[in-house]
Amino acid sequence: MTKLSRDEVAQQIAEAIPDGAFVNLGIGAPTLVANHLPETLEIILHTENGMLGMGAAPEEDQVDPDLINAGKQAVTERDGAAYFHQADSFGMMRGGHLDVCVLGAFQVSENGDLANWSTGARGAIPAVGGAMDLAIGAKEVYVMTDLLTKNNESKLVVACSYPLTGVACVSRVYTEYAVFDVTSEGFAVTKLFGDNTIELLNSLTGLALIDATTPAGLDERKGR
Amino acid sequence: MIDKVVSSVEEAVAGVPQGATVMIGGFGRAGQPVELIDALIAQGASDLTIVSNNAGNGDVGLAALLSARRVRKIVCSFPRQSDSWVFDRLYRESAIELELVPQGNLAERIRAGGTGIGAFFTPTGAGTLLADGKEAREIDGRLYVLEYPIQADFALISAHKADRWGNLVYRKTARNFGPIMAAAATTSVAQVDEVVPLGAIDSEGVVTPSIFMQRVVKVPERQWLHDGKFVGRVDIEGQPRERATGTGAPGGSQ
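Just so you know, the sequences run in chain order W and V. Letter 21 of the first sequence, counting from 1, is numbered 21 in our numbering, and no numbers are missing. Letter 109 of the second sequence, counting from 1, is numbered 109 in our numbering, and no numbers are missing.
These are computed hints drawn from the structure, not numbers from a lab.
Calculated lysine to aspartate or glutamate pairs in the DMTMM-like style (CA-CA distance at most 20 Å, straight line):
1) LYS229(V) to GLU60(W)
2) LYS229(V) to ASP61(W)
3) LYS73(V) to GLU93(V)
4) LYS4(V) to GLU194(V)
5) LYS229(V) to GLU59(W)
6) LYS191(W) to GLU110(W)
7) LYS4(V) to ASP202(V)
8) LYS218(V) to ASP193(V)
9) LYS139(W) to ASP140(V)
10) LYS150(W) to GLU176(W)
11) LYS229(V) to GLU194(V)
12) LYS139(W) to GLU42(W)
13) LYS3(W) to ASP146(W)
14) LYS229(V) to ASP79(W)
15) LYS229(V) to GLU77(W)
In this text the structure is predicted, and so the values were computed from the model without any measurement.
Same shape as in the complex, but just chain V:
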């Protein structure tokens, strides 16, 4: 019998070693596995290389991991945001290394990492600063840059539903990097709103097939959902709207 469901977020991130490469899903706050990141902070691994599209928002999730000084290097496409003050400070102090990768190349490098591709030529970035020092080749009259895959020891992602085999479905644009990161890591961990019985996910609708997943953990349902249905009444950060209106502080810390 296969049962990848673990009972706590602590168990879900157990064994992340010092110096590990960890992929973290999410685009901004959407799909960011905040509970798993909090568990990783508590778990204590440091000197990490993080692969993620952004470099944290506000003071929670990835930003909190950076703030705890657990991250040596971050590979991402868009670190600078209106609420990325934690990363900004560390970067200015030269306390974190940044590898800046165009978003499509980041996605394709992760995809390649999970699918056995040795390297690939991409037109994105050709002739720009971000291709400096990289092998370039003209193919059919167009310039391409050689990019290498990215793999990780762990992938921490957020999905909507899972079964005990680890089949996953996502919710809307929170899917973003989840499926490709799941395939590119040795140990892929998903936090989900709901664990459903085997067979309850429509086989035609499985987005991440179970073979890519090693661990699944249920976390409290997100504030804007109730029994899997969207109920709203939150701001873009997922905070109850009454409170957000009261403080009038978009992007403010908590």
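The shape of chain W in the complex, shown without the other chains:
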């Protein structure tokens, strides 16, 4: 069994992002993707609090409290950066102008529903932020997540039991075991890491996964 580290999963996602793309990286693990984007490419990071062209964290004595990301951490601006107000920032998302957004998840369902903002736990203080806008806005919504919860329950499910963030919005899920595309027939495994097999993933998730890892598998899928 092969399990990639979070950084290796972030590397996989970074490799899928083309030069010139406008990308929003969600709070938490998805921010790791930024560390793997090649400096030779011009990939423009959007942060929903009002900026395109976000750069890396500053030197300690250069922290600017007026220049932060959606996680409220200090960042820098790249040449070509632009600032705008909140309505414009979310208009960019909702209007379908972002190419890729990478989000974390509690659950993703076979039809691409995403649950990542609330576990519905009693007494918990609710907070949604930009999660629902991000989920439905970008052309491609990638989820970066562990395949299993701490209790070894699959985060890929037939139907989400947690409150939804967005309906039928996820296009692809990157996990430490494999990459899954959301298709009209369910989850299709497009890439297995190391010695992992479809059988292993079927048993971990309890789902009947489509094998799209081989050219034959892809052909079969397209033929339907």
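With chain W held as given, fit chain V onto it using these hints.
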């Protein structure tokens, strides 16, 4: 002659009535008009409805207003943060009402409030708990939710520079909700680092045109600026870095 510049933060928040709806700019601490909020606490208005992205950080600014029990209801997208203990306590005591709105819908509702839009259909939140009880409509095969505008009696925002007409420019991501809140309130008040002569702001670079502003007040320049230039040497909370290192208490109270 138009002169919207007032000489004190007390004057800037004068007349906020009991039960008012007040928009407060800022995303986390960035762009939060702390001096105006402190003046509002001193001014004494209570039973307020606050519209703001977050529900306060630490014990200052919006958190201090909540702590003073002046707020009946807060409309926001992300109340829960690592340093939102004031809100958390009030919410658990059922001492404050919360209307949770996805951030883009919050922004668009404020924008609509300032631009004469009666309501709008948005895809954000469609099919989720936050659309429960709201009118939904399928348009071109996609599900949308009807959302209504938000207007306010007062907007308190923070900008970088103003002239006496009330033209504003902002600084970096501290802009966030400022421009849309300015347009959505009856009385919009900006605290600024610097008031410059009329004509000194490049007309092409004005971000909030003067028509949206009613009052402007100069406050002490932020610690990380000197004569309008960034000098740094602070932590993310804007506190001198030497002190922050000394106490080693990120997010700690003051």
